[in-house]
Amino acid sequence: MIQQSDEIVFKTSGRALYDITKEVASWVKKQNIQTGLLTLYIPHTSASLLIQENYDPEVLRDLERFFNRLIPQGDPLFRHTTEGSDDMPAHVRSALTATTLSIPVRRGQVSLGTWQGIFIYEHRTAGHVRKILFHLMGE
Amino acid sequence: MIQQSDEIVFKTSGRALYDITKEVASWVKKQNIQTGLLTLYIPHTSASLLIQENYDPEVLRDLERFFNRLIPQGDPLFRHTTEGSDDMPAHVRSALTATTLSIPVRRGQVSLGTWQGIFIYEHRTAGHVRKILFHLMGE
Amino acid sequence: MIQQSDEIVFKTSGRALYDITKEVASWVKKQNIQTGLLTLYIPHTSASLLIQENYDPEVLRDLERFFNRLIPQGDPLFRHTTEGSDDMPAHVRSALTATTLSIPVRRGQVSLGTWQGIFIYEHRTAGHVRKILFHLMGE
Chain L
1 MIQQSDEIVF KTSGRALYDI TKEVASWVKK QNIQTGLLTL YIPHTSASLL
51 IQENYDPEVL RDLERFFNRL IPQGDPLFRH TTEGSDDMPA HVRSALTATT
101 LSIPVRRGQV SLGTWQGIFI YEHRTAGHVR KILFHLMGE
Chain Z
1 MIQQSDEIVF KTSGRALYDI TKEVASWVKK QNIQTGLLTL YIPHTSASLL
51 IQENYDPEVL RDLERFFNRL IPQGDPLFRH TTEGSDDMPA HVRSALTATT
101 LSIPVRRGQV SLGTWQGIFI YEHRTAGHVR KILFHLMGE
Chain X
1 MIQQSDEIVF KTSGRALYDI TKEVASWVKK QNIQTGLLTL YIPHTSASLL
51 IQENYDPEVL RDLERFFNRL IPQGDPLFRH TTEGSDDMPA HVRSALTATT
101 LSIPVRRGQV SLGTWQGIFI YEHRTAGHVR KILFHLMGE
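Chains as they are written, first to last, in the working numbering: chain L, 1 to 139; chain Z, 1 to 139; chain X, 1 to 139.
Keep in mind that a hint or two might mislead.
Claimed, not checked - Here are the computed lysine-lysine pairs in the DSS-like style, where the Cα-Cα straight-line distance is at most 27 Å: (1) K29/Z / K29/L; (2) K22/X / K29/L; (3) K131/X / K131/L; (4) K131/X / K29/X; (5) K131/X / K22/Z; (6) K29/Z / K131/X.
Hints were generated in silico from the structure; no laboratory data involved.
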């Protein structure tokens, strides 16, 4: 049993889902581990990780419409507003989605379902530099 | 340290929570690992995994009522409707719940709390065949 | 590769977020594992685990205001009310947040982002004793 650890930086350009499946799949292939467990971790509190449908881009836009209606920007409920009206909604979105994802690796590949992609969900309206930690354990 | 990897198929009969605790507990016991980490992964985007109260079935029905009100079928907000009016709500429910669960194993058993069960949450109105990936690492 | 397993008990005093970052960080340091994966698991169905902003306490209060509005106590939707009007909302909050968190360990430390803290989110109005399971694997 061995482990590999890494971090990869992604640039976002504002509130949306960013498909990082290719980058993750290609990193896993390079580690030469046939069976194991991959964990992705996002060390931020206003962006999150999500497994979602990777086929119809309308799904991602519908998802964003839903979160935007559920947690409206400028909601008078929120008092933490010094960093902008999109900041507190970003923290709530992060609480409702995932900060960490663990996915089995089999035959040297990350075991996603046919219609699954791995996404960074950027919750701030401005673009940000987002770091993802990779951890893979197996043999 | 060793690892075991498997996949088990479950049949659902429409939108509801399905208790898979027994199947998970019995699989773990068979692996002969005393201390370790179990990870369950669902390779689908319209069903999810959930740890919930396993005692009063009304909890599960209340949970379903809540999600049904929060993400109404036929909501004009959603444009991804070609696969049916229950499809986009299913993706949103998946985003709000878990795709992956990691649970410590101790004394050869999955360490659930007294009132915890492991459930597949089927979000589509029709029944589906749902695959769960199992990964256990330990000694 | 080795693993360490433990459980630590925390007392809460009612519905709020409780910062356990220091306790987690200090436990990890003691294990003498340089690189690995830490998993925290909460064996309860009316409290959850959350990674959130650790700087402005108003963020935590805003988060609580949001969940309180989203899942109102005494909602006539809920039929599971025998354990109190805060019980079913607690189960829904648990479903919407995390029961388990996996965080990479690097250089002997849990790899949290600069503004990230680890919190127990107590969802019941009364104080409770909450157990957290710790599992660390690495070398």
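Is the hinted pair K131/X and K131/L satisfied, with a Cα-Cα distance of at most 27 Å? Violated, at about 31 Å.
Is K131/X within 27 Å of K22/Z, Cα to Cα? Status holds; Cα separation ~23 Å.
Take a quick look at whether K29/Z and K131/X sit within 27 Å of each other, Cα to Cα. Given that 27 Å is the threshold and the Cα spacing comes to 23 Å, the pair holds.
Would the pair K131/X and K29/X pass a check requiring their Cα atoms to be no farther apart than 27 Å? Distance ~20 Å between K131/X and K29/X Cα, so the pair holds.
Does K29/Z pair with K29/L here, judged by a C-alpha cut-off of 27 Å? 31 Å, violated
Straight-line Cα separation of K22/X and K29/L no greater than 27 Å? 36 Å, violated
Hint compliance for this structure: hints 1, 2, 3 are not met, and every other hint is.
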